[in-house]
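**Student:** Going down the list, the protein sequences come from chains A, B and C. Going by our numbering, the first residue of the first sequence is number 1, and it counts up by one from there. Going by our numbering, the first residue of the second sequence is number 1, and it counts up by one from there. Going by our numbering, the first residue of the third sequence is number 1, and it counts up by one from there.
Bear in mind the hints are in silico, worked out from the structure with no lab data behind them. Ideal Cβ placement from N, Cα and C applies to all residues, glycine included. Treat the hints with care, as some may be off.
[What the hints assert, rightly or not] To give an idea of the chain C side of the interface with chain B (calculated C-beta under 10 Å), a few residues:
hint: 1; residue: R16
hint: 2; residue: T17
hint: 3; residue: S21
hint: 4; residue: D81
hint: 5; residue: T82
Residues per chain, in single letters:
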Amino acid sequence: MQDAEGSAPPVRAAISLGAIVAIAVLLAAASYAALVVAPTERTMGLIQRIFYFHVPSAWTGFIAFFFVAFASVAFLRTRRPKWDRLAVSSAEVGVACFTIVLITGPIWAHPVWGIWWTWDWRLTSTLVLWLLYISYLILRMMVDDPERRAVVAAVFGIFASLDVPLVYFSIWFFRTQHPQPVIGDGGHLDSRMAWVLMLCWAAVLAVMAVLIRVRVRLEALRAEVDALRMRGSGTSR
Amino acid sequence: MATPLASANSPGLAIHFHEIEKRYGLRLALRNISLEIGAGECVALAGHNGSGKTTLLKIAALLARPSRGSVAILRGGAELEPAGAKRSIGMVAHATLVYDELTAEENLIFFAKLYGLGDPAARARRALEPAGLASRAHELVRTFSRGMRQRLSVARALLASPELLLLDEPMTGLDVEGQQWLAATLARLRAEGCTILMSAHGNSLAHASVTRAIRLHNGEVTHDSGPSGDATRVLALAASEDEPDAPEEGRSLRTEAPRS
Amino acid sequence: MSFARAASTILGKELRTEFRSRELLGTTLVFVLIVLALFSFAFDPTREESRHFGPGLLWLALLFAGSLMLQPSFVREQSNDTLAALRLAPVDPFSILAGKIAANFLFLLFVELILLPVFAMFYNVGLTAVLGRVVLVLVLGAAGISVSGTVFSAVAAQARMRELMLPLLLLPALTPVLIASTEEMVGLFGNPPETQTVWLVVLVCCDVVFLTAAWLFGEYLLEE
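Just chain A, with the same shape it has in the complex (with noise of 0.2 Å):
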């Protein structure tokens, strides 16, 4: 839809296509250290590897909700929208990695332990996260109006966050009084498992920090889309 005052602006896409390809390159640096490069485990033998995306799936989607946190606090001192898309970027981003972490910690403990489920303290602090931010999203589906969506869902997602702390804390002390079998852990790492995990960690925060800016870039689409049908169904002058 062109502009009155002139031609529209080009649209730029939310990431180069050079960054695509160097993040695709990580990715596939990072997926064959992990299946090919990193030793084997002793014990556990060839399913340990799914703990090279099992656990920075973990850390990134706590990366993830902490971002929540602040664009929440950072949109209802501002109330700027940008603050609201990185939020509900986040969160979306968030509950896709503790997904993967959901899925792969049973996957995982199966040929291990032979059971599909532990309550692990992790897992289990994971899955009550989980629950809380996808009631996050909920929530936003709920809420029709914008403004009242973003100011509602800003204060949701910081008592959301601050209950992170106090999820795991209570859960982890509950576990040591009562022991489960423990997923997630190896044990101490060997040296070059550690360089593995560690670039599989960079992998998982590329392809977030795209998915986010691209979520954003979406929701800021959108923004535009309804300010532009705003102005079209004014009335005449």
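Add chains B and C to chain A, keeping to what the hints say.
**Tutor:** The following block gives chains B and C in isolation, referenced to the frame of chain A:
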């Protein structure tokens, strides 16, 4: 139509709207409203349903934040802090703003306390009398008729002796006696210097005290008779041009026959 | 109008409204009793197991009850837009929240205290030695539930499907309160009864953190 009072030393509050814009989702309720309402003026807001009258009143009451622009409530030229301003603002809204599960007297005592008024019980009793509700003081509002709730609503708005009174279709639900009482009250308040801003659909009783008329259309000010202009002309224009039944951007139809 | 005076006026109004109808408290009590009874049919615990699982079931039932009971807090204020009336008044917006939090806290505590002897009877636990400490856990737990619950009630009131939204938002968020209260009570009902300060500290942290967040950010929920 009453003549405007000299507003230099009027005790009422003044309202300054500066480039107000208010959005509700995709709907632009108010666009670029800049108005100065002086102390002691009695202003009628006219316009069709959905033209933005209610929104403007809510912003004046400091209930709704404008999406853009600012509103200031002033006493003697000095801007008041929101808390201080609210103490002197009374509002009669679309909804009754009273609790159905409490009695009339309990409602007024509650609000008297919230407004920091001394001897809330006596204030409440004194407020019920002129509203004609003294005999029903100890009955639950749930049992009241529409007209009685409206009277209680008005009594609630007047409890703290406001210097700025905002009214949104205040005659709704009132019988003839009630309307006369409200019109007399408005005249008295005007004489005392209270600033009044109200929206009233083609109701001549409500318009008796009016000194200025502003017509809104689709969120913009189209006509303003100004502090010393002819309000009747603007009101007549609004009455003829704005059909009460015209639907506006998805709002439901509301039929309102002019009350005599 | 001082904050304390405004909050207590609103608290008074909430209490008066509730004592007139008594619908909220009565229904909540019955609901928790039903849940507790149903739990015993589903699990059929032995005496030793009761001691262990009982507190968990009690707190679960209280959480469910809370997420239903806290709903009317703000939904009630929508019928005649009385929330606008409160916001028109020259009071600190947080005092509106605070008054309601205080009211919900008292309601929840009332329900808990009535249920305590019933619970002791259902699950055959002796209370005399640990009564004071059990009441402390009830108080801290009720505070955690009522602070978050009232705030989330204000959140849910602005959403569609609000009856489902409040439990959805509240239950995961109250996990720490559930764990801490349950574990503390299990310890107290053990033989010999032991007080684990960790859990009391967790409860206090939950209460303080949520209340501070409500103070800092709650008022934004009330705007228009």
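**Student:** Indicate, hint by hint, whether the structure satisfies it.
**Tutor:** Here is what the structure says about each hint:
1. R16: With a closest approach of 7 Å, the R16 (chain C) hint holds.
2. T17: holds, 5 Å
3. S21: Given a least distance of 7 Å, the restraint on S21 (chain C) holds.
4. D81: holds, 4 Å
5. T82: Since chain B brings a Cβ to about 6 Å from T82 (chain C), closer than 10 Å, the hint holds.
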